[in-house]
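So the sequences go chain by chain: A and B. Using our numbering, you'd call the opening residue of the first sequence number 1 and step up by one each time. Using our numbering, you'd call the opening residue of the second sequence number 1001 and step up by one each time.
No wet-lab data here; the hints were simulated from the structure. Be careful, since some hints might not be right.
[As the list claims (entries may be wrong)] Not close to chain A: a few residues of chain B, all C-beta gaps over 12 Å, as computed: (1) F1121; (2) G1175; (3) T1176; (4) D1184; (5) S1281.
[Stated by the list, open to error] With a straight-line Cα cutoff of 20 Å, these simulated SDA-like cross-link-like pairs (lysine to any residue) come out: (6) A/K129 <-> B/A1201; (7) A/K129 <-> B/S1245; (8) A/K129 <-> B/S1265; (9) B/K1344 <-> A/T132.
Heads up, the beta-carbon is just placed ideally off N, CA and C, and yes, glycines get one too.
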Amino acid sequence: MGDLFNAVIVTPFVNVLLFIYDLIGNNFGIAIILFTILVRLVTWPLQAKQIQGAKAMTDLQKDKRYLDMQAKYKGDKEGLAKAQMELYKEMKINPFASCLPTVIQLPVIIGLYQALIMALASTNLDLLKLTTHIYPNFLNLSELIPLNDQFLWMNLSQPERWYIPGTEIGIPILTIIVVITTYAQQKLMTPPSMGGNDQSAQMTKTMNMYMPLLMGWISYTLAAGLAIYFVASNLIGIFQYAMMGQIDWKNWRNLIPFMGTKPEPQGKKSGTKAKK
Amino acid sequence: MKYKKISVVVLLTLAALILAGCTGSGGGVNNWPGMTIAGDTAYLANGTAIYGVDLTNGSQNWAFPQQRDGGGFLESLFAQGPNYGILFAPPAIEGDLLVIGNYTNELFGINIVNSTEMWKFTEAEDRYIGGALIAGDYIFAPNADGNLYILDKKGQPVKTITTSGPLWSAPVLNGTVVYLSGLDHYLHAYDLKTLNQLWQADLGGALVASPVLDADGNLLVGNISGLLSKVDGKTGKILDQTTLSGGIWSKPVILDGKIFIGVQSGDFYALDEKSLNSKPSLINTSSPVIASPVLIPEGVVYVNEAGNVVGLSMDLTENWRQQINGELYTDPVLVGDLILVPVKGGDVLIQTVKTNGALSWPFNPAK
C-alpha cells in the first residue's frame, strides 16, 4: 500500500518539485511556494465544492425551519435526525458535500508533505531514499545534488531562527508567521457560530485556539522548508476563500482575539422560543 | 463539553506527533550508525548515545552519555540525563580523546576514560554528518554548512576552510596531505602543516564517500551518479574514470590489483586497478550495496540493504551467506577473525560474523 502511494503520489510530487527547483535556478524556497500553488490549483475544483458544501450547511443552520426543528426535537435525537434528512432532501443539500472533497484531498496533502520532507534530504539515509524517487530520464541527479537549501536567512532543512546581530538570541520568525496565518485562516474560513451553547461552535473555538499552536510547534522544531509550505498553504487558502466571496472583510475585528463580535444566543434572532 | 475539548486537543496533539514522526526518528533525523574501532573496543554512534563494545565478548564496556539510550523519537523525548543531540557520525579517536559532532551543529571532545565532555565547539551552522579526523596537532571536522572546521585538541578553532557545498564524509590522511570529499562535486586536498588548499578536482557529481588510497598514493572515489574516478594524489589530475551501474556511497577496497566496490543498483564489481574501463567481473546482489566491502584472508565480504552478508572469493564466487534482520548500510570492519556488521532497524545493533560465515555474538545496548 505504501509502495503504491509512493509510486502514484509521492514520487511524481518529488520529481515535479525538483523540476520546478531546477527550472527556476535552484531556489528551494521559491520552488516550495510555486509547488504549493500548483497543487492547490489542481485541487481547486475539489476545494470549491467543499467550500460550497460548507456554505450550504451554514445557510441551512440560519434557516427558520432548521432552528424550529432544533427546539422541537430537543432530547429526541432520532426524531431530529429524521427531520433533518427530510429538510436536506427538500432543500437539495448533501450533508456530505463538504466532507467528500476533503477526503479525496487528504492523500494529496499527505503526499505533498512527504514529498517536501523527502526533497529536504539532510542525512545520507534521506538522500539515499531521495535518489530512489528521482526519475533518471527526467532529472539529472549530478546537476541536482547538492540541493541549495538556503532561502533568505534560512537553512530550509533546519528549524528556522533569526539571530539578533551580535547575540545568540534566535527569534523563530517563521514560526510566528505560521501561527498568525494558521489562526487567520481558521478564523476567516470558519462559519460564524450560531450561538454560545452550540457544541460544534465550542469545538471549533478549541480547534481555532490549539491548531495554530500545534502548527507553530511543528514549525519551531522541524525543517524551515515545512514552515514555508505551511505559510504558503495558509495564504493561498485564504486567497481562494476570498476569491469565492466567502470572507466578510468588514468583520476583520474577529481576527483579533477578544475583539470579535459576540454571537447572538440561539433562538433570539429568529424570535423562536425553545419548547420545554 | 469538557471531554470534547480534551478530545480535540488530544487528536491535534496526536496529529502533530504523527507529522513529526513522518519525518523520521527524532524530529526529522534518521540515519545509519557510525562505527570506529580503537583498541579492544568498537565505538558505535546510534541516535542519542555512543556505545563502547568489548570486542572479545560483545559486552558493553562504555557509553556516552552514560544515562541516555534509544535513538527513536519517543525514546529521545523521555530519555534521562544530559542531551547531546543526535549522534550518527563515526567517532574520531586518538588516545583518550573521542571527537564527534551531532545533528544540532555541536562538536564534542569527550574523555573516553571517564566518559565526560571535555569541550564543545558550537560555531558550525549545520549538522555533522561525516566523522572528524584527528591528524597531527589538529582536528578536522567537516560540516554540512560547507565548512571544514580545524581545531586544536582542546577544541579551540584554528582555521575554517569554506567549500562550495555540504561536507558529509570523513577526511582522509596520507602523510602530510588531508583529502576531503564534498557534495559540491569536488575532491579537496589540504596541506597538514600550512592548512592551505593544495588542489581540488571536479569529479562530476556529489561525493558522499571518503576517498581510498592505492599503493601509488592515488585516490579512488565514486560519486552518487556512479562515476568512479582515480585521481593523482599529488596534483589532483584525473587519471582514469568509469561509470558503474548505480550510485557509489562508500569507498572501494583494493587488493592484488583488483578494486572491489558495490553500488546502489545492487551490482558488486571487481575492477582492474590499472584500467578502470577494462571489462569488470560483476555479480548482482539484488539489493543496494551502500557500505564498503571488507577484505578477509579468503577473499572479500559485502553487505547489502536487504541484510545479506556474503563472503566471496577473489573471483566473486560465493562461498557463504548470512541473512541478518535489518538493513546494512554502515561499513563492516574486520577485527581478528570477526567481521563487525552494524545493523539499522534490526533486532541487534551489531552482528558479528566469523570469516568462515558462522554467526558470532550480537550486540545490543545494556538496559
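Each hint, compared with the structure:
Chain A leaves B/F1121 outside its interface by the beta-carbon criterion, the shortest separation being 14 Å against a cut-off of 12 Å. B/G1175, annotated as away from the interface, keeps every beta carbon of chain A farther than 12 Å; the closest lies near 28 Å. With a least CB separation of 29 Å from chain A, B/T1176 remains clear of the 12 Å interface cut-off, as annotated. Not every beta carbon of chain A lies more than 12 Å from that of B/D1184, the smallest distance being close to 7 Å; the non-interface claim is violated.
Annotated as non-interface, B/S1281 keeps its C-beta farther than 12 Å from every C-beta of chain A; the closest such distance is 25 Å. With a C-alpha separation of about 27 Å, the suggested pairing of A/K129 with B/A1201 is violated against the 20 Å cut-off. At most 20 Å may separate the alpha-carbon atoms for a hinted pair to count; A/K129 and B/S1245 meet this at roughly 17 Å. Between A/K129 and B/S1265 the alpha-carbon distance is near 13 Å, which keeps this suggested pair within the 20 Å criterion.
For the proposed pair B/K1344 and A/T132, the alpha carbon gap of about 18 Å is at most 20 Å, so the pair holds.
Hint compliance for this structure: hints 4 and 6 are not met, and every other hint is.
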